[in-house]
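Asks: The listed protein sequences correspond, in order, to chains A and B.
FYI, the working numbering numbers position 31 of the first sequence as 76, with every residue one higher than the one before it.
FYI, the working numbering numbers position 61 of the second sequence as 78, with every residue one higher than the one before it.
Because the hints were derived from the structure by calculation, they are not lab data.
These numbers were taken from a predicted model, which means no experiment stands behind them.
Cβ atoms here follow ideal geometry from the backbone N, Cα and C, with glycine treated the same way.
Derived list of chain A stretches under chain B, where covered just means 3 residues or more per stretch with a C-beta under 8 Å from a C-beta of chain B:
no.	region
1	66–78
2	111–120
3	131–143
Here are the simulated lysine-lysine pairs, DSS-like style, with alpha carbons at most 27 Å apart:
no.	chain 1	residue 1	chain 2	residue 2
4	A	K64	B	K136
5	B	K70	B	K136
6	A	K112	B	K70
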Amino acid sequence: MVLEDQVEGDYLVVSLRDKRLDAVIAVSFREAMLERIEEGQRKLVLDLSNVGFLDSSGLGAVVVVLKHLGQQGCLYLCGVTPPVMAVLRLTRMDRVFKTFPTRAAALAA
Amino acid sequence: MTDDAILKLLVPATLPAARDATERLMALGRRFGDEDRALYETAVMEWLTNVVKHSYVPADGGIIRLVAQAGALELHLVIEDRGRGMTAAQFAAAPSQMEFDPAALASLPESGMGLAILKSVMDSVIYEQQQGINRLIAVKRWRS
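So that you can see chain B by itself, here it is in the shape it has in the complex (with noise of 0.2 Å):
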């Protein structure tokens, strides 16, 4: 993969279209280690499942827009879309790492991991919500 390779998508609001455009886009991440590239593949399907399920409703027909950018140093992503979104303030406050008490089996944690999966996979992330459209921009440095 040469640098600066370039992917754009636009991806239809349901989860086997989120799962074919993750799949795609690692095509640009080979540069990554193992461990980087599996979890960056999750982090990416967290995001895209989030804006399925919670920004978008089934009969929307949405579109997310998803433009990444593989470059000397980093893999660098855009994800948009048009949907309701969460406010900056809500992603800001989801935690980046789990908590609880791996023994107390009522208590373990069903949903909710994927913003922490998401911040903590990713070098930087930042989400902003501008003219209707929400956006995240995601940066994974390479590392082997």
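Chain A on its own, in the form it takes in the complex (with noise of 0.2 Å):
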């Protein structure tokens, strides 16, 4: 598993550079994230683009990272692909997550 981090302003974008965000992967990505939450991010951008899959595990981990910065941080999907996008919209996840179709768009929001 491959992140890839960019500092914005007060956010940090993080891209996953693998191509499916599933059970294989969904601990340590978890993990990663978290790691990144205790260093002091709380505004955190996930840049999926390069994602064309998603299962219940790689989205379980997301709404982990979701909870752990609670209320006062926040965290944008941008680059949502269709096949991901679908998966959202399947669980409902899609009224939990703001999403945004590129990084730009996340970040002027």
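Mind assembling these two chains? They're in different frames, but the hints should get you there.
Replies: Structural data, given as structure tokens:
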């Protein structure tokens, strides 16, 4: 699993380079994201533009990240591909996460 | 893809093998529209993950048998394992839709979504336990 970080003002943009956010990498992804929160990052943008597959394990990991940020932090999703959006809609998680077509749109929110 | 193409796989009960099997299965799913294809692949991965995590234990060295047949109207899938499995009653009791308050952060589901995805994606899904075999039979019709 490869995550790529980029600081953009108050935001840390984390780009998942893998094509699949699934049960194979869900635990390592979750732990890596929680490390960033423990280091003090409260505003995160998760760039999923490389990700063409999401399952409930991967989705659950993203939910854990959102919960750890709490009401004081924020987690935006950007570059959400159609297959990933289909899973968000099916699970009704599209009502939970703020999604943006591009990284620039998320940072401008 | 011609009608009645068949794929048979013996899959080690590991998550990477489950991923590989799901990707190979999708070679038979070319007649799905884009969204159906994406959701079908997720649904199958959900079941295989469930078997790997909950039916077998890592030391079992378990094997999952997968048979898929692409027919004229549908993709017919049978997945069998010989692990502990769940009872048919447990399977039936799992919800087919996610119900939660999106504004209630603390109560958002982190797990337990897999069976809901499977049940809502497939047009027909049957789970049975017979003679030590746990068997899922799932059917998804082609729609463009």
